[in-house]
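Participant: Protein chains in written order, with numbering that gives the first Met the number 0: chain A, 0 to 303; chain B, 0 to 303; chain C, 0 to 303; chain D, 0 to 303.
Worth flagging that the hints you see were computed from the coordinates, not collected in a lab.
Since we're looking at a predicted model, the values are computed, not measured.
Virtual Cβ for every residue (Gly too), placed ideally from N, Cα, C.
Certain hints may be false.
[Claimed, not checked] For lysine-lysine, the following DSSO-like pairs were computed, each having C-alpha atoms within a straight-line distance of at most 27 Å:
(1) C/Lys221 with B/Lys55
(2) B/Lys289 with C/Lys221
(3) A/Lys55 with A/Lys207
(4) C/Lys282 with B/Lys297
(5) D/Lys56 with D/Lys289
[Unchecked claim] Footprint (simulated), chain A over chain B, 3 or more residues, beta carbon under 8 Å:
(6) 128 to 135
(7) 150 to 156
(8) 278 to 290
4 protein chains.
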Amino acid sequence: MFSKCPVSFKILFKNKKKKTNKLLQIILNSGYKDVLMQSVVNPQNISFGNLHIEPKKFYVIAGPCSIESPEQFRETAAFVKEHGASILRGGIYKMRTKPNSFQGVGAEALQWIAEIKKEMAMPLISEVTDPRQIPALNDYLDGYQVGSRNMYNYELLKDLGTYNKPVLLKRGFSALLDEWLNAAQYVLNGGNTSVLLCERGIRTFETKMRNTLDLASVAYLKQHCNLPVIVDPSHGTGDRNLVAPMACAAVAAGADGIMVEVHPDPAEALSDGFQALNFENFKNLMSQLKPFVEAAGKTLVSYV
Amino acid sequence: MFSKCPVSFKILFKNKKKKTNKLLQIILNSGYKDVLMQSVVNPQNISFGNLHIEPKKFYVIAGPCSIESPEQFRETAAFVKEHGASILRGGIYKMRTKPNSFQGVGAEALQWIAEIKKEMAMPLISEVTDPRQIPALNDYLDGYQVGSRNMYNYELLKDLGTYNKPVLLKRGFSALLDEWLNAAQYVLNGGNTSVLLCERGIRTFETKMRNTLDLASVAYLKQHCNLPVIVDPSHGTGDRNLVAPMACAAVAAGADGIMVEVHPDPAEALSDGFQALNFENFKNLMSQLKPFVEAAGKTLVSYV
Amino acid sequence: MFSKCPVSFKILFKNKKKKTNKLLQIILNSGYKDVLMQSVVNPQNISFGNLHIEPKKFYVIAGPCSIESPEQFRETAAFVKEHGASILRGGIYKMRTKPNSFQGVGAEALQWIAEIKKEMAMPLISEVTDPRQIPALNDYLDGYQVGSRNMYNYELLKDLGTYNKPVLLKRGFSALLDEWLNAAQYVLNGGNTSVLLCERGIRTFETKMRNTLDLASVAYLKQHCNLPVIVDPSHGTGDRNLVAPMACAAVAAGADGIMVEVHPDPAEALSDGFQALNFENFKNLMSQLKPFVEAAGKTLVSYV
Amino acid sequence: MFSKCPVSFKILFKNKKKKTNKLLQIILNSGYKDVLMQSVVNPQNISFGNLHIEPKKFYVIAGPCSIESPEQFRETAAFVKEHGASILRGGIYKMRTKPNSFQGVGAEALQWIAEIKKEMAMPLISEVTDPRQIPALNDYLDGYQVGSRNMYNYELLKDLGTYNKPVLLKRGFSALLDEWLNAAQYVLNGGNTSVLLCERGIRTFETKMRNTLDLASVAYLKQHCNLPVIVDPSHGTGDRNLVAPMACAAVAAGADGIMVEVHPDPAEALSDGFQALNFENFKNLMSQLKPFVEAAGKTLVSYV
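For reference, chain A alone in the conformation it holds in the complex (with noise of 0.2 Å):
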């Protein structure tokens, strides 16, 4: 029965003295983390279908909030298309603080999405918030995204370890960097080195943003682990005015992509119009976007 419990860690638990030393143990666990951090190694070829993530790239990653009709989908894929995203998202099972929320259209929705998305040929990545739904998502994506509100879900990230599929894996709106990368240690531990960290905002006490982005997490993880990082400006900021002063500063940050919401008309969004971009702010953000990847030595992927 306690074949489970790592010999390191019964080795460090038979030595401790009875009465606990906080201070040794601080050392402990820093140090046991660090080893942790190293093995978060050589995540490579990761591919959002016939796209190949690389270095000095960098990719626009946007989409509407929710999926809400064939018409407001294909015509928010071909805007933002045309205008330099490589990668489109979308909700298809949203994640809702309260259950009377719209809860996203659902896997009756697939086949439509898949004809869109084919007709415009980009990857598709959409959350997916159980384990259960993989095998019905599993032909119709590209890449997966875990929410926030599912980073610690251990049973989920397990799972998506034996898929072969991209994982796009948010922060936990209070999660510490090493919890977030012990996270994505739960799905590489299943052989699927396919994982992107997505930063979007911590919860703090101010309260003019949604929440607080944390663009030194960007730098400290491309210091401290090879998974590509993305940075979401949108739930980062919670207000669209934000989003591309925000998207730049991720790039100059070292962010190898962002992910932005994008609706025709916001107001009408049935999940979080107050921060999504309407058209005119996505091509504005584009153009603003340009020369900070410039001069940050990459080359930005669109189909443009």
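Place chains B, C and D on chain A using the hints.
Facilitator: Chains B, C and D in isolation, oriented as in the chain A frame:
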């Protein structure tokens, strides 16, 4: 397809001016939240096995963080029963930050766990970490614990809403009170009205304690909803020296019970030993607790 | 010039390897902190006027947030005295976030304030916001309150260290326990050993309460230093409905006293009316508090 | 006596229903805040000595955390000037958490500091920690820094409002944007319109960095007030490896300048050595920064 979107939301979005007025949004959101909180009402007949939860009573839930062996579990259960606990706790599936940490004895141990529970004639609650575990667990447990990491795991909560066993819902690491109550609503909406809320500390800047135990949340919840509220001073402080004073403070703040971790030899515990009480500590806790339970006008429920 | 740098620090930096080892630094810092905390010792003979602060006693400090007029102050003082308060509080100089908010009645009111205090035969504490106010205040007050905004105002603390009146040091909005104790040390180092610590809530992500009252800090401080600890549930929650349960919880956590805001008509108060108790509320608070003071093995000090 | 209370407030309280409506209060507060923010307007003619602060320019403020000796200060100043800094910084009075830490060289060093400044022909800013220091400092400094610990020290801010030197106001450890802007207003109200805001990181649960640098605050401030905004990535991260990427991100977020700590030998620094750049680091920072300053459409102001 839009039929899933509640009517009130459609109207809200229809009438909204194109340029989002953030202030208006705050008001509308607040209003909606309050309505929701009023719907968290009148759960009745919460019973752990034969033990019926009543107002003006106080319940001590105790046991090891992880059930490690028949000897460790039996010895702990017998001791806490003898000194005033009314419900047993013990982790079978463990949620661990690090994928290589001890993950619990798992399903194979359910048989002997059930035997010890029967021997003790006490109800047992344990954590469920995946909806797919419920069918196997349901014959053995008297209540489900949903841990902080799974408070936002709405698929798990929906499933638990279709069973008739009590759900002890821990607050997420940085969950707003509204989010916590809405998570409870996910269970209630399924038809299961046996939900208890468990305050276990929130994540703040302070580093001396593992978490900051938010006892004002207890007082707030007792004034705004009628679900029983339990306090976990073990996780809430992460420091065994602080467990007894915080347990007493929980009583004074209006809690209906506490949940504490007890281990025959905390230094040898396979998880969270630093915050577990040893037997002597537990005995002292119970004697410190009693005058405060009386001062609160409540009766401690026990088998002694 | 370097003579101001303590020897221990010089050695520390001399011996340090060029490439900073962050872990080592944590250890050294922690060590240093613990030493400092041990030096926060044996304050004795803390007296507010004739009122000597003793262990096993419990003190209620009450009065208006701001002293507004002779009538308002006299009426409030008489009522709280009659119902069990032992020390008066009342702001003369107010710290206000907005420069156009009411800033307090100021020095010109000291004369009539002193007369009412004499009439009541109770000690009075009030906030000092600038070291240059001390000479004028010193003849009129029995103790100084340092507000959260000034916990890091070391020049003010150094000056208060040279007087012999008690200093009630509130915790900063986001002050670590170590920082708070070090702030106390600034006063103690000046020779004034009459320091009381006042927990008044910290700033977190939660928005339902004005602050998150950290009662574990009270238990921690009672175990790690021997300064009296007071709890302010008025600022600690910002919600008058939560003041009484949090006051009771403060007793159970080990506090030596509470400080609460009382106003004859909170809706007309010039500052923080939303968290002030009216007279009826205060009376109820005192009757709820008493059984918990007894449960804690303490005696309420009062003039009734 | 009530004449100090602004008329608007009196009306507000008069008309308010007895039973406080919390929601109404939020609205009123928010409204009031927005008015206040609109009044933070049109500061003009901010000059550090002969250096006039202009839009579309970018300023690097650099120097040691503490000025320690003539040699250390001269050497650092010469190096940062040669590599693109336009303003010198250096602590003379230090705010230290621990009363026994090095507290700065103090007033006696002002003479040789002024000589080195003249030699370098660069403006100098330094922290003021007590209003009583201003008269002595005013002949020697070209700008005052108010540290995070003193952001709420309104008496200091009021005094600085009566001088005509620029005030670089750092954000408090957990200051809301509204509180920060209101603190700026304390200076502006005194007649001094030369205020710069300095984002230096806020306190969160994350422990890998000293603080969480909130760059969205920079974008927000640039859209809501017209005070120049400076970013301090040294304190903002507490990790010299993160200073350069965060400086670049600050430019992209819209900052008007950065302030960084540089030391000839960080391992020997008397304060905060772990976050100081050495000369090589500073040179690299400047070369990384330049393309981002250009991408932002700005010109680096320097003497080279």
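Participant: Tell me, in ascending order, the numbers of any earlier hints that this structure violates.
Facilitator: 1, 3 and 8
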